[in-house]
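Asks: Take the sequence shown: its position 176, counting from 1, is numbered 306 in my numbering, and each next residue is one higher.
For the record, the hints were derived by calculation from the structure and aren't laboratory data. Incorrect hints may appear among the rest.
Computed spacing ranges between beta-carbons, pair by pair [what the hints assert, rightly or not]:
| hint | residue 1 | residue 2 | range |
| --- | --- | --- | --- |
| 1 | E475 | F421 | 28 to 34 Å |
| 2 | R262 | K515 | 22 to 28 Å |
| 3 | R523 | I290 | 32 to 38 Å |
Every value quoted in this text rests on a predicted model; they were computed, and no experiment measured them. Every residue, glycine too, gets a C-beta built ideally from N, C-alpha and C.
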Amino acid sequence: MYESTLSDGAGSAVSTVPKQNNVTTMDGDRPLLAFFIPDLSVGGAEQVAITIANGLVTRGYDIDLLLSRASGELRSELSEQVSIVELPPSKTPVVGVAAHLPFLATYLNKRKPAALFPHLEHPSIVSLAINRFLSADTAVIPTQHSVFGHDVEATPKDQIVRRIVPRLYPASDQIISVSEGVADSLVDRTPVDRSDISVLHNPVDVEQIRGRARQPVEHEWVENDERDVVLFVGRHARQKNLDGWVHAFEKVVNRNPNARAVIAGKGPCRAQVQTTVEQLGLSDVVSLPGFVDNPYRYMTKSDVFLLSSQYEGLPTVLIECLAVGCPVVSTDCPSGPREILSDGEHGTLVPIDDTDGLANAVCDTLADPPDSDRLRSRADDFSPKPVFDEYERFLEKHVFTA
């Protein structure tokens, strides 16, 4: 893995990134592609960006990954063939990724990638803003990971970004949406035309997940087949409604004293989750292990995965659960769960904020689990080959022949 930190606008650090591999198509050398995300901390968008970068590298593309901070728990998952470019300043507590405008301009002028794929809205509007002032041929193609306008925990800075998105997103060369629901939200709330949005599902390495799921972990309940384990893995944020999750589990354990809950992950709401567990007297039956290195073992050994989100985009965690045959109960939130679970064919969908419905669905699933082979087969639809085939068709249509 190569790392480069950009200097100021007059610097030349960008030029030291390795040369392209000169993979050829009918049109000659295949150009460089760049991805832009703040860091590699635990999160769905971050995991997707890594998976896509790694996958396209294996297909012969040269990939630069632009980061505000070259750090995070997921960094070890990035392929050694992906070149990291850190955009200074490394700490941007006030203005965030907007501080990178001059350095991003330097990068685009020197490296001239064929396309820049910013992930998340902050990097996307910065990329689109700088592209308006450059004469570069780089196509800017944001990836929208969640439904637009549903952020229940938007900071003042987020709210400003949300006002800018409708102004800048129409300037995109194309927009990638991770689900049909996400695409619909952009059409409904911005001036973007539906023809300018391509739906490309998140690729999930199901075979790697299944391999890691066979490795034991140090957790008493997970490795105890006598317990009925209800699982959550993800960011502890208001979006996930983990307070409702805990209240639903209280109803489950009241009906099934053998049930145990594992709420893995971290985030800004972790302390509140712990407080709710303690207030409901559930400390003996709920475990909060924090970030776990191998969530797939937790999934394969759990009896049901419960997602209580207020909104999503295309929650990869549901696909990961299906990949190892773990049954799923999810809120029917916008958007993604209904698409992944095939309108409820591969998991139970419950209305948002219905804790009784979630508890009933979990109990029903524990009593009568679905066929695990059918769940695994559904996950195969999101495996890398078909998804990256779609990505390559997208690149040929919107980047290389544009």
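Asks: Now tell me if each hint is right for this structure.
Replies: Verification of the supplied hints:
1. At about 32 Å, the CB distance of E475 to F421 agrees with the hint of 28 to 34 Å.
2. A hinted range of 22 to 28 Å is violated for the C-beta pair R262 and K515, which are about 37 Å apart.
3. Between R523 and I290 the beta carbon distance is about 36 Å. The supplied range of 32 to 38 Å therefore holds.
The earlier numbered hint that this structure contradicts is number 2, and it is the only one.
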